[in-house]
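Chains as they are written, first to last, in numbering that gives the first Met the number 0: chain A, 0 to 281; chain B, 0 to 268.
By construction, these hints were calculated from the structure, which means they are not laboratory data. Keep in mind that this is a model prediction, so the values were computed, not measured. Glycine included, C-beta positions come from ideal geometry on N, C-alpha and C. Please note that a few of the clues may not be correct.
Unchecked claim - Computed footprint of chain B on chain A, listed as stretches where at least three residues anywhere in the stretch have a Cβ under 8 Å from a Cβ of chain B:
id : region
1  : 21 to 30
2  : 191 to 199
3  : 254 to 263
Claimed, not checked - Calculated Cβ distances over 10 Å to all of chain B for the following chain A residues:
id : residue
4  : L60
5  : V83
6  : M98
7  : G113
8  : D164
9  : H176
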Amino acid sequence: MSAFDLGPVMVAAGCGGTGRELAAYCGPDGLDGLDLVTRSITLDARAGGPGPRIEEVPGGLVNAVGLPNPGLEHFLATELPWLVRAGARVIVSIAGATMGEYADLARRLSRAPGVAGLEVNVGAPDEVGVGLFEVREPYHSASVIAAVRREFPVDRPVLAKLRPDVSRIVEGARSCHEAGATAVVVGNAVPAAFTDGRSGGLSGPAVAPVALRCVTEVHRALPELPVIGCGGVHDVRSANAYLDAGATSVQVGTALLHDPTTVARLRAHFATPRHVSTQEDR
Amino acid sequence: MAEVQGPVHVEAEVVATKRIGGYRHLTLTAPGVPERFRAGNFVAVTVEGHVARRALWVHRVRASSSFGPTLDVVVESRGAGTAWLAAQPVGTRLALTGPLGRPFALPKDAVSCLLVGEGYAAAPLFPLAERLRERGCGVSLVVSAPDEARLLAALEARRSARSVTVITADGSVGQRGTVADHVDDLLRRSDADVVYAAGPTAVLRAAAGAAERAGAWSQVAVEVPTPCGTGLCHGCPLPVVGEDGVDRVVRACADGPVVRGDRVRWGAV
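Extracted from the complex, chain B is given alone in its bound form (with noise of 0.2 Å):
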C-alpha cells in the first residue's frame, strides 16, 4: 500500500457485524483509513443523537477483502453510545475519523517482544503481532480478562506469536489471576527486550514496572475516555514526565494512546 499520512474524516459503512463474546465486532469500509493504519492507531465515530464521539480500538485491517480494504473493530456496550454502535446492522454509515493517535514504534532489529493486553482494549496488540512477525521479532502474546466472554480471541494470533497466554480473573480458562501477578514471571520466561501493554490502567502499569525492573524497554496504549479523539478538546488528560524531566499533562488521544510506560505518572493516572 502506498506510503499516505494523517487521518481522514469519512463516511464507513458497517460491512458485516458478529458477536464474540461478551464484544460486537463491527466490520467497516472507511475510503483511506485502512491504508494510513498503523498498529496502536484508533478511530473516532459518530454515534446518533450524541456529542461526543466514541472512539474505537482497530482489532484488524485487512487490505483487501470483497468489500475493498476494511478495518474490524471491537465493540464493549457500556453505555447507549456504545450499545446503539453494537446494534447496528450492515448496511449502516457512520462518519469515522481516523488513523488517530501515535500508533506503537517498531523495533529496528529483530528483538524478542512480550505484548501484554486485557479485554476490549487488547485489540490493537492483533495488527501490531504480526507487524512484529514481519520484522522477525519473537512475539510472545498474553491475552487477560476478567472472564471467558470478554477474552478477546487469542486464537488466530497464534499465527504471528510464538507463544499465547491466556489469564483470567475467575480461572475459567487459562491461568486464574490477574496481569500483575503473573507479569514478572512471563517477562522473564520470554526473554523480551520490549513490552507493549494495552487496556486498562491497571494493566499497563504492571506492565511498565515488570519492563522497568527487567531492563526492558515498554510502550503502552493508554485507554481513557477522549471525547473528540482528535486532539481539539484537550478533554483526555494524561500526567507524563517530559524528556526533559518536567511534569506535564499530555492528550492522551493526540499525544498518545501510546506513550512509553516508564513516562506515565501512574499514581496521578
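Next comes chain A alone, as it looks inside the complex (with noise of 0.2 Å):
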C-alpha cells in the first residue's frame, strides 16, 4: 500500500475518539473503508491533561488534551480489533518520549493484525509539555522517522505528521522523506497559548490558510513526495483548496467535533476517483 493508496479524505489523529463514536455519523456501512488516523498511541497509558483541556476562540479551538489513550497494550487488546472489524483502515498515530519508544512501537504494531499504516506524530504543537520526544531540527525528526521505518514493513505506509511552520515545512518534509516516509500530513495544531497563558495547540478553520501555504511549499519543492493537507478542512471548497495544491489527500479533524456527520459527507463527495473542481465547489 502506498500513500496513492489511501482515500481522498482521512480521519486526523485525536479526533475520531477511539472511532465507536464516530460510526454512528457515517452512514449505513459505518467505517467501512475509512482511512482512520487513531489519536496518539503511547507505550504506556496516559490520562492526559487537567479541564480545561479546550478554550474555544474565534474560527477555531485551542487544545490541549496531553494524549490520553489507554496504551499500546490495552489498544491492542481492545481498540484495534473492533476497528478493524468495523472494516475501517487503521493508522495508527504514534507518540513516543525517546526513540527507542518509537521503535518499539513500530515493531510492536508491525505484528498486529490490521494495522494498515502508522502515522508518526512529530510536530506536535507543544512536545515537551507533554514529554515527548523533541523535534527542533529537521534531523530530529529524520532520526525518528528512520528508527519506525527499520521496525515496519516497507509495504505498509509510514507518515510523518509535521508542524505547519513554513520557515522549516520544506527542510523538515525532505528529512523525513530520505529518512523513508511514504508521505508527510503537512499541518497539526498550531503552537498557541490559553488565555491564561498555558500552552496549547491551535487547530480549526483559523489555520487552514497557514496549512495550506505549508503543503504548497513542500509540493513545488519536493513533488514527487506524497502530500497529505490537514488543517482546517471542513466542506468541500476547504478540501479542494488542498488537492489543487498539490495534496493527494487530506485530513478531517476539528470539523469533526463542530459536526461528526463531516467525514461520510466528504468521503462521498470524493467518491470518485478523481475529482474535478467545479465552480459549483467554490
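Assembling the complex is the task here: the two chains are given apart, and the hints tell you how they should meet.
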C-alpha cells in the first residue's frame, strides 16, 4: 500500500474518539473502508492533561488534551480489533518520549493484524509539555522516522505528521522523506496559548491558510513526495484547496467536533477516483 | 415508541420559546431524537459562528404534539453562544446531535428514590421522575437554586413525585441553604434506596456522600463543559475509579454524563 492508495479523505489523529463514537455518523456502512488515523498511542497509558483542555476562540479551538490513551497493550487488545472488524483502514498515530519508544511501538504494531500504516507524531504543538521526544531540527524528526521505518514493513506506509511552520516545513519534509517516510502530513495544531497562558495548539478553520501555504511550498519543492493536507478542512471547498495545491489526500479533524458527519459527507463527494473542482464547489 | 438506538445528527427547529425565571426553554423538533431519548441523555447543538458545540439538558420529551414528537431544552445564558441560543425565535433551524451520553439506570424493583438537582442542570431529573413513577417507584424530589429566578419549575413535577422540596441559597423560596446542608436529613426522611443527582459538582458530591453514608446507591449526571459532546475530542475529563479499582480519567460526555456517585474522584474534579 502506497500513500496514493489512501482515500482522498481521512480522519485526523485525535478527532475520532476511539472510532466507535464516530461510526454512528458515518452512514449505513459505518467505518467500512474509512482511512482512520487513531489518536496518538503511547507505550504506557496516559490520563491526559487537566481541564479545561479546550478553549474556544474565533475560528477555532485551542487545545491541550495531553494525548490521553489507554497505552499500546490495551489498544492492541480492545480498540484495534474493533476497528478492524468495523472495516476501517487503521493508521495508528504513535508518540514517544525517546527514539527507543518509537522503535518499540513500530515493532509491536508491525505484528498486529490490521494495522494498515503508521503516522508518526513529530509535530505536536507542545511536545515538551507532554513529555514527547523534542523535534526542533529536521534531523530530529528524520532520526525518529528512520527508527520507525527500520521496524515497520516497507510495503506499509509510514506517514510523518509535521508542524505547519512555513520557515522549516520544506527542510522537515525533505528529511523525513529521505529517512523513509512514505508521505508527509502537513498540518497539525499550531503552537498557541490559552488565555490563562498555558501552552496549547490552535486548530480549526483559522489554521487552514497556514497549513495550505505549507502544503503548497512542500509540493513545489518536493513534487515526488506525497503530501496529505491537514488543517481546517470542513467542506468540499476547503478540501479542494489542499488537493489543488498538490495534496493527495486531506485529513478532517476539528470539523468532526463541530459536525460529526463531516467525514462521511466529504467521502461521498470525493468517492469518484479523480475529483474535478467545479465552479459550484467554490 | 419503537426501540431505536444510537445518536443521530439532524436539523432541529425551534417550535416554541418561553422565558421561565432566569432560563429560556426551547421546544424543538428533532427527527428521531425524542424517540431515542432516555432520561439523563443530553443533546449538542451548533451555534452560528462557533466551532465548539453547546450541550443542553433535556427537560421534557413529548411523544406527540401538534408538531410531532418534541423535546424541551433549558438554556442558561452564560456566554456568547448560549446567549445566541436563548435569543433564537420560533422557526430557527439548528444542527442537533443526540441523544448523547449514558442515561440514568432505572431500578428493577419499585424502590424509593431521592432525586436532587440544582439550577438548570436539574432538568434531566424531570423525565427521570416520570420513568420512575411508571415503574411504581416512590419519588422524592429536591430542587435547589441560588435564588427563585434560577429554580427550575418544580410545580409540574408534583404529578410524578410524592414530595417536592425546594431549597434556595437566599431563602427567597422554600428552605434556606444548600443541598449539602439538607441532603442527609432529606435522605433519611425519604428512606430512599437510590439517590439520583444532577447539577453543579458541589451538589453531586454532597448527594453522593449522603448516599454512601446511608448505604444507598447513587447516580450523578455531571455538568462539565463538553466541546463536542460526542466523545470525539477527549476535552471533558472526568476522574473516576474503575470497577477494577484503578484510577482513570474518562470522558464526561461519552462515558457519562451519568456515572455512579461512588466512582467519581471528587477531590480531582
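Hints and how they fare:
1. Coverage of the region 21 to 30 of chain A by chain B holds. Counting CB-CB distances below 8 Å, 3 residues qualify, and the rule asks for three or more.
2. For the region 191 to 199 of chain A, the assignment as covered by chain B is violated, since 0 residues bring a beta-carbon within under 8 Å of that chain's beta-carbons and 3 are needed.
3. Restraint check on the region 254 to 263 of chain A versus chain B: 6 residues with Cβ-Cβ distances below 8 Å, three needed, restraint holds.
4. The claim that L60(A) is not at the interface with chain B is violated, since a C-beta of that chain comes within 10 Å of its own (minimum 6 Å).
5. With a closest Cβ-Cβ approach of about 20 Å to chain B, V83(A) is found to remain outside the 10 Å limit, as its non-interface label requires.
6. With a closest Cβ-Cβ approach of about 26 Å to chain B, M98(A) is found to remain outside the 10 Å limit, as its non-interface label requires.
7. Even its closest Cβ contact with chain B, about 21 Å, leaves G113(A) beyond 10 Å, as expected for a residue assigned away from the interface.
8. Here D164(A) stays apart from chain B, with its beta-carbon at least about 23 Å from theirs, past the 10 Å limit.
9. Against chain B, the non-interface label of H176(A) holds: every CB pair exceeds 10 Å, the least being about 31 Å.
Consistency with the previously given hints fails for numbers 2, 4, ordered from lowest to highest.
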